[in-house]
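S.K.: Please build the complex by placing chain W on the supplied structure of chain X, with the hints as guidance.
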Amino acid sequence: MINSSILSGVDLRKSYGALEVVKGVSIAVDPGEFVCLVGKSGCGKTTILSLLSGLEKPTQGIVTLGGKEITQSSEDELALFRRENVGFIFQSFNLIPTLSAWENVALPLFPMKIPQEQQRQRALEMLGKMELDQRTEHLPSALSGGEKQRVAIARALVNHPKIIFADEPTGNLDSATGEAIMSILQRLNDEEGVAILMVTHEVELAKTADRLIRMKDGEISS
Amino acid sequence: MNLRYMAKELYYQRRRTMIAVFGLSIGIALLIILNALSLAYRQAAQIPLKEIGADITVQRAGDVPQELSGAVFPCSAVTIRKEEIERIRNLPGLRGMGKALLLWVFDPNRAWILLGIERENSIGPAVLKYSIAEGRFLEDGKSEALVEVAYANQYGVKVGDALSISGREFPVVGLVDASRATKIAVANVYLPLKEAEELAVVSKQLQSVSPYASGDVNLLFVKADQDKIASIASSMKTILGDRAAVATPDSFLKLLGSLFALSDKFTLAASLIAIVVAILIAFKTMAGNIAERAKEIGVLKAVGWTNRNVIFQLMGESVVQCFLAGVLGLFIALVATYGLSFMNVSIPIPWEMSPTPHFLPGGGDQIFKTLRLPVAVPWTLAIFAILLSVVIGGVTGGLLGRHISRIKPSEILRHD
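So the sequences go chain by chain: X and W.
One rule links them: number in this note's numbering = place in the first sequence (from 1) + 56.
One rule links them: number in this note's numbering = place in the second sequence (from 1) + 7.
Looking at chain W on its own, in the form it has when it is part of the complex:
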């Protein structure tokens, strides 16, 4: 392969080179954008759970309390027993677990959404310790409360105040900003898990609907190996029965409703179409280019170039053109994905995961987690696209070179 000849051919035949490069770059850009979008939706679907350090959340639906007084379970989250928790904990691929106890407390003058949380855990609502806006987080063995900032502002609650919940006093030691946490973990008041358990144990209303013992919970947050999420979710449903509600990134992905979110197969099919289009464009433009050069090839062969010399020369030109197309395609895709990254996506949160009683004003409204679509081109995708361009160039150039190198120079040169 003669690099000088190759460079001059590409430079002086600029129109030809540009058409080939632009044509293929569109296919490559499409491929990158489609995959980046698909990836972005997948990442977006993980965010509601990731914000509380989990890959899966689990709860179990139950009956509606007969009377709304004292502490009750929401009908979407009733008891998950200790034994069931232990069985889930032993599932293969499970890396960690967080627990919480969600209660609705109906006192004569006020209703509370109350979440009993663990003090130390990187999984589940315990991560709210990093969202303290004022005061401090809960301390070990103390009977105290955190209040969500928006709720505190609405009702004038301050650090140092005392809340009376189901006849028990809880000093407010901090205000927590749960707005950045997923909607799943938003409550009015946060108590140590043990305190919430005690409220649940003594509640007759609660016990009558869903028998509860200390150590049981009604919300589980699970961290799992990424490739085991589906199988763990399935096992959890088996353990907890038909009424279990298991949320995974895939279930959020389905709720997104985008074509990209609906199915891997769509992205795969669209990617394949983009690749085929790219190959066809490369093949068609290069076939046209090479056909125009039949006489030149005849001259090369007449002056002593072997078929192999001709093939390698044309293959080299094709690889360089396709490499340039890959780089240009990547650039186009980077610009396009930058533009798309300003797009907002609203992920609907299933009603059963909303802690707000649906019978309260606004409680039945669909809630969404709205976020910027995290579109980016991962370096692996960028490298794959460039490599693919080079491979397309090599294969196209090789096939066309092989075809054109078979021409007999006498046939071409005889028409002088």
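In isolation and in its complexed conformation, chain X is listed as follows:
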């Protein structure tokens, strides 16, 4: 199973001093799979997401992403790897307030040697997919919560990632908007074949996923 996975973490542990937050978790995500990690606040699910995406290094264990073992990579190697293989969606959108919608989408492309017009075209294409064609020049402050999250999804997609990590993507949205975002993620997963690993504490939302993993006290409970 591990060999065919787009993402795998084996026996992952993470401690902050004496506090062990993740206790020997093994997890795998197949290409095109939509996996939800569910658990109460503080159970360690966001930490697992950080370990699997290379934002953080595990105290113990191995993470393989896109066939590459990333546990021993340097910080810059991880950054480059994320740029080419991974997309992120955060609970509070994390858009840059001084950049327009399309510029926020193109943010991962800025350090790449791609002509600016090409960067813009790719960003506009992604915003088109999110039905934000009319909002491309707007600053985040001029967008609604749902629009901001759709911009964030477009940003996560702009580098054609193999997998998207979504950390409570509907946490800051009302239920209707949250559902709309979920359907977008579902569509991306179905139509584009992008694997998604989503962290949430809302079990109802998690039911739309292909697979649901429950976490409790730093361990997988089911």
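Please note that the accuracy of each hint is not assured.
Derived contacts from chain W toward chain X, CB cut-off under 7 Å, selection only [as the list claims (entries may be wrong)]:
1. Asn9
2. Tyr19
3. Arg22
4. Gln233
5. Asp234
6. Ala309
7. Val310
8. Gly311
9. Trp312
10. Thr313
11. Asn314
12. Asn316
13. Leu406
No more than 30 Å apart at the CA atoms, straight line, and that leaves these computed lysine-lysine pairs for DSS-like [claimed, not checked]:
14. X/Lys124 - W/Lys302
15. W/Lys15 - X/Lys96
16. W/Lys415 - X/Lys113
17. X/Lys169 - W/Lys15
18. X/Lys272 - W/Lys302
19. X/Lys169 - W/Lys302
20. X/Lys218 - W/Lys302
Simulated from the structure, these hints should not be mistaken for laboratory data.
Glycine included, each C-beta is placed from N, C-alpha and C at the ideal position.
M.R.: Just chain W, lined up with the frame of chain X:
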């Protein structure tokens, strides 16, 4: 480095940008103004000597004449002998020399301050040939005189009149306006050097105080390489002895009494303080700005920016801000120096360099050369200040960028 991102960050975070730019610009302006002032005082100190084409003047003090009759030397300027002149002429770094013979002539009905001058020389009182107000300058081999305009007006002397000095007749061939020349070269009457020598040679009073032979003088004006002025002045004192009075731009600078004039070290220390203040302001405001953007940096790193990408982006922003601060600082300094250029400065002329007998009415008064302080910002200083701003920006941005780029995106983003 993404220029679009940089421009938008600086534009939309105007308050942040303005604080950083204004803060640093004050430091840069201070640096420029301090150095421009220091330079201005240095230039002002050179003016009294430059007006007669010299960098150094030399004379030697002697005894007071026992009796004030006929031609005598002022006690501040007695004989400098031919051999001494030749030794001085051979000093390394000396580029040229002018000579003059200053005499006080006490005739029964009138006293004259008389200066024997060379006819052709770009150094020394011969430059008065460019200050002829009426008539003409002295001609070769002729026994004639020039009269200073103010003196001529006071005593009704006109071109064509004849002056009787120590029993000799000198036709007045021109009036000379010495008011623009330094006080050192101001006399009532100017004679060819040779004529003044003859008056000195035959004066018993003069010879009894300070033996004099034709070819000797009592005032020397020296042009020298700028970096050799101090060493030449020192050598001259060695040649002429303890009673030599050597005036250089530095000696005038000391007389100015300004903090800027007193010492290079003051300007250097003040400049260093201005630079340190500028760096601290830049560092503090930018450190605050960057700390506010920790989450943004975390996002950049999460979406694939390397530490190097982050550092260069922040460094670019910092360099642009500091460059703008440099330009603004330069502008502030230009306005301030323009204002300061209306300031007058009075340079005291040492009494021994005054040609007027101190025992005459007003002769003992302190005389000053008053001039506008020549404050200006030289282009080299302007470029240095701008470059310094850019360097401060680069270093500050680089250090802060390096520090902030080390944050782990997970630490920042976990607090959503």
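S.K.: Now, for every hint given, state plainly whether the structure supports it.
M.R.: Evaluation of the provided hints:
1. Asn9: Holds. Min distance 4 Å.
2. Tyr19: holds (4 Å)
3. Arg22: Since chain X brings no Cβ nearer than about 12 Å to W/Arg22, farther than 7 Å, the hint is violated.
4. Gln233: violated (52 Å)
5. Asp234: Violated: closest Cβ of chain X sits about 52 Å from W/Asp234, beyond 7 Å.
6. Ala309: holds (5 Å)
7. Val310: Where the cut-off is 7 Å and the nearest Cβ of chain X is about 4 Å from W/Val310, the hint holds.
8. Gly311: Holds, because the Cβ-Cβ distance from W/Gly311 to chain X comes to roughly 2 Å (cut-off 7 Å).
9. Trp312: holds (6 Å)
10. Thr313: holds (4 Å)
11. Asn314: At 6 Å from the nearest chain X Cβ, W/Asn314 passes the 7 Å test, so the hint holds.
12. Asn316: Nearest chain X Cβ about 4 Å off; hint holds.
13. Leu406: violated (19 Å)
14. X/Lys124 - W/Lys302: holds (28 Å)
15. W/Lys15 - X/Lys96: violated (40 Å)
16. W/Lys415 - X/Lys113: holds (10 Å)
17. X/Lys169 - W/Lys15: holds (20 Å)
18. X/Lys272 - W/Lys302: This hinted pair holds, its Cα atoms lying about 28 Å apart.
19. X/Lys169 - W/Lys302: At roughly 25 Å apart (the allowed maximum being 30 Å), W/Lys302 and X/Lys169 satisfy the hint.
20. X/Lys218 - W/Lys302: Distance of about 25 Å is within 30 Å: holds.
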